[in-house]
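Student: Spelled out from the first residue to the last, the chains are:
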Amino acid sequence: EPEVTQTPSHQVTQMGQEVILRCVPISNHLYFYWYRQILGQKVEFLVSFYNNEISEKSEIFDDQFSVERPDGSNFTLKIRSTKLEDSAMYFCASNWDLNTEAFFGQGTRLTVV
Amino acid sequence: AQKVTQAQTEISVVEKEDVTLDCVYETRDTTYYLFWYKQPPSGELVFLIRRNSFDEQNEISGRYSWNFQKSTSSFNFTITASQVVDSAVYFCALSAGGYGGSQGNLIFGKGTKLSVKP
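Protein chains in written order, with my numbering: chain A, 3 to 115; chain B, 576 to 693.
There could be a bad hint or two in this list.
[Stated by the list, open to error] Simulated restraints, written as ranges between beta carbons of each label pair:
hint, chain 1, residue 1, chain 2, residue 2, range
1, A, 74, B, 635, 37 to 43 angstroms
2, A, 53, B, 658, 42 to 48 angstroms
3, B, 632, A, 65, 28 to 34 angstroms
Keep in mind that the hints were calculated from the coordinates and are not lab data. C-beta: ideal position from N, C-alpha, C; glycine also.
So that you can see chain B by itself, here it is in the shape it has in the complex (with noise of 0.2 angstroms):
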């Protein structure tokens, strides 16, 4: 069975300061995709960052970087410098690769809630 855990709920930081937001997930797959998406207080759901399983090159972008470890199974979210803006709700997803069935149906971690105050 899939599965994604955010064992963070809540993390508060003051502007400027690094966070990095924990994910770790299961899977028999061998081919799979693991996803952040952002939903800050207004509710909607704001597409991050995709991986596949076959690409654990870090990424960066802007204040974001992604640290993706097959070996522990995680797939961390580090936001630098954070400001007021990056307040919101940070989940982490996956969904198996191929075709057919559950391919392309997304499993959310719980998300954790990030409170950037000035």
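Okay, chain A solo, but in the shape it has when bound (with noise of 0.2 angstroms):
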């Protein structure tokens, strides 16, 4: 069965360093999401993207943040200058349409030391 897949399971890095947190898409699927999840709570939207470009952005998606979309495959988020506040589970997903429900991968855990 298809699944997105993202890596790595678990980064850890030192705040002030950018990460590159990696997702492989479902391949037929055009729509794709970052979520955050920060320990204990509940799970919140951070960015959509299609056709190459941002579809919408939350509050939390500030200008530490970017996506893009490299090749036909990946998806990847990107976190310029990492606060501790940002440690968090970090998920990506993928639609087909806007209107179907959307597949999770496994997250990735970015912890902030």
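Please dock the two separately framed chains into a single complex, following the hints provided.
Tutor: What follows is the structure, encoded as structure tokens:
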């Protein structure tokens, strides 16, 4: 069964460093998303991406964040200068149509020290 | 504004008990979608069900059933004869229907942690 794949599963980084979280969405999907879940809290929308551009972004997704689809398969989230409060689980998701269910990857646990 | 409320933070039951997880939503959209996702201890988010706002039929899938009531803006989830493997955090979520803008983006509730004890 097709699945969304995220790498790495766990990333530890020092405050102020740049990190890139990687995702391979399901191959025939057209819409891509990043969500964040701070430990023990709810899942929060960060950004949606379609047709090689951002469709919408939340207040969390400030200038420190960027997304890119560098080729036909990868979808990346970059955090330029990480802060302690960026520590969270980051989920990538995709769907083939806006009105269908999104399938989530396993998540990347980012720890900023 | 869209909002999803899961008032039950934690529920603990004994195996074989039935349990209902509550979800109340707020939206001004006439077309919208409701979802339930399961997050087991391993951390991934597993899709369980999607309903659109025009389909109020209840749905049953094995031991799982869902009760959608537009009149009370609720989309409750019942597990019948619970099992230890059902232990997880369950999230209810809402998205606007149609195309463009915020459609497709999921607004999650805070989740209900279900513990099923043997």
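Student: It remains to establish, for every hint, whether it holds in the given structure.
Tutor: Now the hints, each set against the structure:
1. Checking the proposed 37 to 43 angstroms range against residue 74(A) and residue 635(B) shows it holds: the Cβ atoms sit about 40 angstroms from each other.
2. For the pair residue 53(A) and residue 658(B), the beta carbons lie near 43 angstroms from each other, so the given range of 42 to 48 angstroms is met.
3. At roughly 45 angstroms, the beta-carbon separation of residue 632(B) and residue 65(A) lies outside the given 28 to 34 angstroms, and the hint is violated.
When the structure is compared with the earlier hints, a violation turns up for hint 3 alone.
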